[in-house]
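Peer 1: One-letter residues, chain by chain:
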Amino acid sequence: MTEKKTTALNLTAEEFMHPGNRACSGCGLSLLYRVGLKALGRNTITVIPPSCLTVTQGLYPIAATQVPSLNVVFASTAAAATGVRAALKAQNKEHINVVAWAGDGGTSDIGIQALSAAVERGDDFLYICYDNEAYMNTGIQRSGTTPMGVVTTTTPIHGKKQRSKDVPAIVAAHNPSYVASCSAAYPLDFHDKIKKAIGIKGLKYIHIHCPCPSGWGMEEYLSIKVGKMAIACGLYECYEIEDGVKKLSGPSAKLLNKKKLTPVADYFKTQSRFRSMPEDLIANMQKEIDERWETYRNENA
Amino acid sequence: MKIIESGNVAAANGVKLARAQVIAAYPITPQTPLTEKLSEMVESGDMKAEYIAVESEHSALSVCIGSASAGARAFTATSANGLLYMSEQVHWAAGARLPLVMCVVNRGTGAPWTIWNDHQDSMSQRDAGWIQIYVNNHQQIIDTVIKAYKLAETVSIPVMVCFDGYYLSHTYMPFDIPEQKLIDEFLPSYHFKHTLTPESPENLNTVTMPHGRNDAEGAWRDGYMDIRHSHYQEMRQALRTFQEVDSDYSRLVGRGGDPLMATYKCDDAEYIVVVMGSLSNRMKDIADELRDSGTKVGVLSLHVYRPFPDEAIREVLESARGVIVFEKSISYGAQGQVFNDIRAALYSGKKRPFIHNYIIGLGGRLIKNDDLIIAIKNSKSKGEELDNEPQWIGLNR
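As you go down the protein sequences, you meet chains D and U in turn.
For the numbering used here, count along the first sequence from 1 and bump the result up by 1342.
For the numbering used here, count along the second sequence from 1 and bump the result up by 3.
I should point out that these hints are in silico values taken from the structure, not numbers from a laboratory.
Keep in mind that this is a model prediction, so the values were computed, not measured.
Among the hints, erroneous ones may be present.
[To be verified] Think about it this way: if two alpha-carbon atoms lie no more than 25 Å apart in a straight line, the pair counts; the simulated DSS-like pairs of lysine-lysine are:
(1) K5(U) x K1431(D)
(2) K1435(D) x K1537(D)
(3) K1431(D) x K196(U)
So here's chain D without its partners, still in its complex pose (with noise of 0.2 Å):
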């Protein structure tokens, strides 16, 4: 990270988005979008595919954001932007950041084979997922990162049969330049990983685990006291990724001092996706966090 730490005091106020956008109430991606642009600055272009962001940045002929923007199709985001890296080099643009942003649907579904071909090129852009684990656009359908256990519009009765699919884990297997997951519950660990990260050449992938009232079940107040739940229990881990070698960081780099975690099952019961999830799988999950985190605790002593 970044030697000194941005903190309310000194995250600048200036503002790249206006107010009143068309996000949900309580949506975890507009405060990140928000934060993310400070981060970012004017000299942006985004490039933007089907999702959430779509309908919060507005309706033409009206924009809730400052920076030139790019809506593309679902598939293309990654190629998207780097026609843009293209075209910025070509004219000698270069110090303009391009970043990419695209939900977990149209990242590790639709968007993955664009992406891929991306970071193997090593093209000079940041690609950030917010991960709100489910296609919440369109209705809450199960995307590739919907956990195992959610009740989605497409597993509706039983939830999800399968795993969630590891996309920085899939990122990093490309050997970027960096990899890093954040919480939207933290906004100001994801505001310093971007500034890190557009100081880097090559491609960059920011992953963010984004609570969302409507397709969660929960109360729209609720969505920073989960996010930050689902860290403390050790579920969702903020960490970074340089040189292959992943590191803890931000909130869940504090967790390795403590001996024992909150239960995963108060967080899955903060959430009405999560209703059936059977004990016995709950049980193996908490097995699994235990295990992975006493993995970091031993590595870290």
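On the provided structure of chain D, position chain U as indicated by the hints.
Peer 2: For chain U alone, kept in the frame of chain D given last:
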């Protein structure tokens, strides 16, 4: 400078002369040598451009869309299933009004797999909102690629330059490479009206309501349908623009004059054969042969298929007794696409010649001169009696 090279190399030289800044392509037969040539030109430093080796045709056009949206001159090329795979982006690029140029090296579409020539691939994209130009020889390939940029940038509509796989892409013919300084004069660097730049931020391709909406200042802005209507109107106007582009080119380079279509001995023809692409060269010989035996045949080789030059076509065809359309594609369950468009153009004419449709050469099926001659004679003898059902010629059974 005159050289003898393949059609693909002619296209690559056109792209180089046009100073395309970003090239993105995915290899597919028979387009492959075109992109190989371009990557060689870029890697050797012979051409200053960004060459992006993408993982699919969908991404090839995605890169071009991103590049053109950020103000660069971009190029891609494909064939057959590659074009079908990028179809979503074909529509998107047109709707976004990006001045792209794409070569489609025409090939039949699978299934079953075929790598050989017909026009089904680009025909399947005719309603996407791109300008489509079909060319007949290597000289036309290089010249049309250059002119296509000028046209695309003038009307803000992307252009497909279609040429026959193998017949043109892989055969060698002499052609002239115009001097760079002439092309620089013809096609100066272009500044896009709407581009992604932090100095003047725009949100491009935003969700647009059916009926339009007030902007932040209270001014009424078009809805989706109005935007589409502008596209339609400007597409129709592109016919005239292309004629102007062609005369500019012709003045500078000394070649041109038949931008929309080429006619051969149509003035006094009783029967006019309509074709697109390389077959038109052979058709001229056949017309001469039939004229020797007393049948007055002319050839209309259609270059610009979209926008469709109905008036110009009607003017040429109206005076004939019969019109015979040979086509390398079909709208399944109906007739050949070119046939139906021409039939529709003739409907509003003063005179209506009979019009017949022959389907030929699908998936590279050998097109024999004898078959073509028999077909023309058949049309001549049957005249009005032959119905509109397309006649498939060259079948095994």
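Peer 1: For each hint, tell me whether it holds in the structure or not.
Peer 2: Outcome of the hint check:
{"no.": "1", "hint": "K5(U) x K1431(D)", "result": "violated (33 Å)"}
{"no.": "2", "hint": "K1435(D) x K1537(D)", "result": "holds (19 Å)"}
{"no.": "3", "hint": "K1431(D) x K196(U)", "result": "holds (19 Å)"}
Hint compliance for this structure: hint 1 is the single one not met.
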